[in-house]
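Engineer: So the protein sequences, as listed, match chains P, Y and L.
When the first sequence is numbered by the numbering used here, its final residue is 273 and no position is left out of the sequence of numbers.
When the second sequence is numbered by the numbering used here, its final residue is 334 and no position is left out of the sequence of numbers.
When the third sequence is numbered by the numbering used here, its final residue is 273 and no position is left out of the sequence of numbers.
Hints should not be assumed to be uniformly reliable.
The calculated lysine-lysine pairs, modelled on PhoX-like cross-linking and capped at a C-alpha distance of 25 Å, are [as the list claims (entries may be wrong)]: (1) Y/Lys17 x P/Lys4; (2) L/Lys193 x Y/Lys102; (3) Y/Lys22 x P/Lys4; (4) Y/Lys55 x L/Lys98; (5) L/Lys63 x P/Lys4; (6) Y/Lys75 x L/Lys193; (7) Y/Lys75 x P/Lys4; (8) Y/Lys22 x Y/Lys55; (9) Y/Lys18 x L/Lys193; (10) P/Lys4 x Y/Lys55; (11) Y/Lys134 x L/Lys98; (12) L/Lys98 x Y/Lys17; (13) Y/Lys317 x Y/Lys225; (14) P/Lys4 x Y/Lys317.
By construction, these hints were calculated from the structure, which means they are not laboratory data.
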Amino acid sequence: MKEKYIPFLFLLPALLYVAYFSFYPTASAVYQSFQTPHAHFVLSNYKGLLYFGLSEAILNTLFLSAGALAIQFAVAFVVSSVLIREFRGKSVFTALFVIPFGVATVVAGFSFSNIFATTGGYANSLLRIFGLPPLNWYSSWGMDMLTIMVSDSWKNTPIVALILLAGMTSISPEIYKAAALDGAGPLRRFIHITLPNLKGYIAIALVIRGVSEFNIFALPLILVGYRPVFLTTMTYEFYSTTASVYYSYAAATVLLAFVLAFSLLVIKMRENH
Amino acid sequence: MNPKLELQQIEKSYGNKKVLNKLSLEVSSGEFFVILGPSGEGKSTLLRIMAGIEKPDNGRVMIDGRDVTGLPPNKRNIAMVFQSYALYPNMNVYDNIAFPLKMRGVPKSEAKQKVLDAAKLLRIDDIINEPVTKISGGQKQRVALARALVRSPSVFLLDEPLSNLDARVRYLARVELKRIQKKLGETFILVTHDQKDASSLADRVGVLHEGRFEQVGTPNEIYDKPSTKWVGQFVGDLPMNFLPSQLLGLGQSDGEVGFRPEWVTVGEGESECVLESVERAGDEYYLFCRVGEDYRIVLKGATHKETGETIRFKLRKFNRYSDSALRETAEQSP
Amino acid sequence: MNNSKLSRTGLYIVIFLVSLAVIYPLYVLFLIAFSPVRYTLDARYPLQYPGGLTLTNLLTAFKGFNLVGPALRSIETAFLVGAIALVIGIPAAYGLSKLPRRQANTITTLLFLVNMLPAIVIAIPISAQFISAHLYNTVPGLALAQELVVLPLSVFLLLGAFDSIPRDLEYQARVDGAGLLRTVYLILVPLAKAGVVSTFLLAWMMSWDEFTFAVILSPINPTLPIVIYENITRGNILASSAFALILTLPVVVMTMLLQRYLKGEFLAGGLNG
Numbered sequence: 001m002k003e004k005y006i007p008f009l010f011l012l013p014a015l016l017y018v019a020y021f022s023f024y025p026t027a028s029a030v031y032q033s034f035q036t037p038h039a040h041f042v043l044s045n046y047k048g049l050l051y052f053g054l055s056e057a058i059l060n061t062l063f064l065s066a067g068a069l070a071i072q073f074a075v076a077f078v079v080s081s082v083l084i085r086e087f088r089g090k091s092v093f094t095a096l097f098v099i100p101f102g103v104a105t106v107v108a109g110f111s112f113s114n115i116f117a118t119t120g121g122y123a124n125s126l127l128r129i130f131g132l133p134p135l136n137w138y139s140s141w142g143m144d145m146l147t148i149m150v151s152d153s154w155k156n157t158p159i160v161a162l163i164l165l166a167g168m169t170s171i172s173p174e175i176y177k178a179a180a181l182d183g184a185g186p187l188r189r190f191i192h193i194t195l196p197n198l199k200g201y202i203a204i205a206l207v208i209r210g211v212s213e214f215n216i217f218a219l220p221l222i223l224v225g226y227r228p229v230f231l232t233t234m235t236y237e238f239y240s241t242t243a244s245v246y247y248s249y250a251a252a253t254v255l256l257a258f259v260l261a262f263s264l265l266v267i268k269m270r271e272n273h
Numbered sequence: 001m002n003p004k005l006e007l008q009q010i011e012k013s014y015g016n017k018k019v020l021n022k023l024s025l026e027v028s029s030g031e032f033f034v035i036l037g038p039s040g041e042g043k044s045t046l047l048r049i050m051a052g053i054e055k056p057d058n059g060r061v062m063i064d065g066r067d068v069t070g071l072p073p074n075k076r077n078i079a080m081v082f083q084s085y086a087l088y089p090n091m092n093v094y095d096n097i098a099f100p101l102k103m104r105g106v107p108k109s110e111a112k113q114k115v116l117d118a119a120k121l122l123r124i125d126d127i128i129n130e131p132v133t134k135i136s137g138g139q140k141q142r143v144a145l146a147r148a149l150v151r152s153p154s155v156f157l158l159d160e161p162l163s164n165l166d167a168r169v170r171y172l173a174r175v176e177l178k179r180i181q182k183k184l185g186e187t188f189i190l191v192t193h194d195q196k197d198a199s200s201l202a203d204r205v206g207v208l209h210e211g212r213f214e215q216v217g218t219p220n221e222i223y224d225k226p227s228t229k230w231v232g233q234f235v236g237d238l239p240m241n242f243l244p245s246q247l248l249g250l251g252q253s254d255g256e257v258g259f260r261p262e263w264v265t266v267g268e269g270e271s272e273c274v275l276e277s278v279e280r281a282g283d284e285y286y287l288f289c290r291v292g293e294d295y296r297i298v299l300k301g302a303t304h305k306e307t308g309e310t311i312r313f314k315l316r317k318f319n320r321y322s323d324s325a326l327r328e329t330a331e332q333s334p
Numbered sequence: 001m002n003n004s005k006l007s008r009t010g011l012y013i014v015i016f017l018v019s020l021a022v023i024y025p026l027y028v029l030f031l032i033a034f035s036p037v038r039y040t041l042d043a044r045y046p047l048q049y050p051g052g053l054t055l056t057n058l059l060t061a062f063k064g065f066n067l068v069g070p071a072l073r074s075i076e077t078a079f080l081v082g083a084i085a086l087v088i089g090i091p092a093a094y095g096l097s098k099l100p101r102r103q104a105n106t107i108t109t110l111l112f113l114v115n116m117l118p119a120i121v122i123a124i125p126i127s128a129q130f131i132s133a134h135l136y137n138t139v140p141g142l143a144l145a146q147e148l149v150v151l152p153l154s155v156f157l158l159l160g161a162f163d164s165i166p167r168d169l170e171y172q173a174r175v176d177g178a179g180l181l182r183t184v185y186l187i188l189v190p191l192a193k194a195g196v197v198s199t200f201l202l203a204w205m206m207s208w209d210e211f212t213f214a215v216i217l218s219p220i221n222p223t224l225p226i227v228i229y230e231n232i233t234r235g236n237i238l239a240s241s242a243f244a245l246i247l248t249l250p251v252v253v254m255t256m257l258l259q260r261y262l263k264g265e266f267l268a269g270g271l272n273g
């Protein structure tokens, strides 16, 4: 009867919007990545990208994502373990802790570019106070990566911590008490009780943050410019500078492929448990 | 004359579970009809189908002779009171009651009169401006009723409207509900699992069991002459007693005899049982006894004996059942 | 007993360090904006405390750069994004609340999938389309694109809000004579007020921060994030600091307000799937 279809009628604007503004352009980008002004289904764009450093872009993107995720999850676990307890000033701390989430990425980029400056900068002046020598924060690939990872993690750890906290609050405290009575110390309790129960939440946070890490764009642009190159900045570079927009479509498609592969990986891992 | 509301062969399933099984019913205009049944057996579903909130898989709903099965709730001219009262939390009492009139486009001045009349009838005119979040349970129930009255619908549907009230308030609410219905002369259909609601409010009761009405009759009929063993055991403060007719020396080789605890004379007669426990019932006692090895019955009598003692009793009134269905009723001369 | 005292101190150390880490980049922004340049940018080792307080930095920035234009641009876009989120999101969330849980979860997951498609993959084809549709470099165009970032979360929050309204209320409204549309907009939406407000604010904030679509779809009349980026790359640090302040202040305030709403909705809402 008609009644059954009414919910879908209400969903229609959202679904149409998504189809037109998301799926259609994506399909278009992938399709056009195989085109050139002369041919219709070729791999020449991708071959060209390899020449321009595609493999480097891929490696950088993967490395950055892995590192950033590691930092975010490590810190988030610590913070959510703190937030699950009661202490004086908890609401103030919580409000404070969430602030980076609301600060614009560009602003974070601004601050961190002044903290991690090539010469001078606030990080170096801090090091000096502790009697340590100054660093050139952009002297090597590793330093570049670290700078971006730290800036990115500053902004994004709160959301991971909140998700993990949501998961932790759903674990009943009695299980911990029972385990403590059985002689399990805090580390063992964490490994055998907290982690298994958080699996779903970790998966959610992993997918959300992981994909965002692959898509990271503004921070590298502000902090390091076009080199070291990432899949996103490569795409943008081709779009805004050269005559061949097809190269940027190809780079974009490679990025898309990684994003999809990563999500499927996380989902598969989740299913196996 | 056309019944006010009629259900024809209503069927409804949820997944594999058949909740309503070819159920039919006719409710007359001005009648107070109570649907009585155990919790979770489809009473609320039935009411929602009457209201149009749910659609039956098969069958028809007729109101005032019109087939309304395909119509949404707002086109059926019915009023409904939910167990939770469903008062609009962001409005005050007045706006809640006025809401149905607002939906019909009734002009404000006319609406005001109707709202105040309804409020007066239900004695909530003194809280007319209170936000509904701040009033008591009993008051909420009356606001819900006032909101139902305000429109003069064809049928009033009430889903366990008294269940959330505590016992004292509940008794008064019952009396008042009956009074209002009589005064208005409207058709009320009320769903409940509570026997007392049925016995004190209903003109007729429909006992719902396994998706069908096992019996439809006046409160007295279903109490004195339950048409099946199940009804006899479900209706009443205490279940009807059932014993094989042989045990009571009542002839017939098969079949059972059903009798209410108060249908016996205790202390005389040829039937015997062993007293197991005693409970006070006003000036008399409920005597919980064992007959033979396997059967347990309850008798009501003035005699008080010690547990373990044998009690004699005699049936003054009883019903004969075969295959769990009522065959005849009988009275014995003392 | 020793154990808990130790963990108590550990707790407070972590809280202290994390709070410092959270505030530091914002503090640096504050220093650069309000301290005389000789203590901040021109110094080899910038002072970790305010060497002095001055408004000259800001005044120079305001005089030399057009701050109002980009700010207005950002504000208009953000309001439009928030409005669209409600216009599309409220019906979508209502529709989802009427569907069986499994179907609703599938569709919600689909919407979040949308979120994962890299913005840069979508922005480039869309820019071509927008040019022909006269939407390029316009506020409505940018708002429609930014909506992609915002929509899944908006629907998720609104769905949580609708789910928390007792079903009986909707039935009662229908029985009382309200048609479907009036039931949704006169009864349900007002009761979902907290969710509606949170959704609007969150959408507003996410648009305010958004970079990728803005840099590709509205480069000529940029929003604040783009202007900050441009000034950083050109070396106008003081101007960027002024822009960064304008960008940050409203958001810090709103984040703290939202935090109260967010925790309740987040935990209670669609995480039941």
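Engineer: For each hint, tell me whether it holds in the structure or not.
Structural biologist: Hint check results:
Between Y/Lys17 and P/Lys4, the direct Cα distance comes to roughly 20 Å. Compliance with the 25 Å bound is thereby established for this hinted pair. A hinted pair counts as satisfied when its Cα atoms are at most 25 Å apart, and L/Lys193 with Y/Lys102 qualifies at roughly 22 Å. Distance restraint check for Y/Lys22 and P/Lys4: the Cα-Cα separation of roughly 23 Å lies within the 25 Å cut-off, and the hinted pair is therefore satisfied. Only pairs whose Cα atoms come within 25 Å are accepted, and Y/Lys55 paired with L/Lys98 is accepted, the gap being roughly 15 Å.
Proposed proximity of L/Lys63 and P/Lys4 is contradicted: the alpha carbons are some 61 Å apart, above 25 Å. Between the alpha carbons of Y/Lys75 and L/Lys193 the distance comes to roughly 29 Å, so the proposed pair goes past 25 Å and is violated. At most 25 Å may separate the alpha-carbon atoms for a hinted pair to count; Y/Lys75 and P/Lys4 meet this at roughly 18 Å. With a CA separation close to 14 Å, the supplied pair Y/Lys22 and Y/Lys55 stays within the 25 Å bound.
A distance of roughly 39 Å separates the Cα atoms of Y/Lys18 and L/Lys193; the hinted pair therefore is violated under the 25 Å criterion. A hinted pair counts as satisfied when its Cα atoms are at most 25 Å apart, and P/Lys4 with Y/Lys55 qualifies at roughly 11 Å. Taken as a hint, the Y/Lys134 and L/Lys98 pair is broken in the structure, with Cα atoms around 30 Å apart against an allowance of 25 Å. A distance of roughly 22 Å separates the Cα atoms of L/Lys98 and Y/Lys17; the hinted pair therefore holds under the 25 Å criterion.
For the given pair, Y/Lys317 sits about 11 Å from Y/Lys225 by alpha-carbon distance, which is consistent with the 25 Å threshold. Restraint check: the Cα-Cα separation between P/Lys4 and Y/Lys317 comes to about 55 Å, which exceeds 25 Å; the hinted pair is violated.
The structure fails to meet hints 5, 6, 9, 11 and 14 from the earlier list, while all remaining hints are met.
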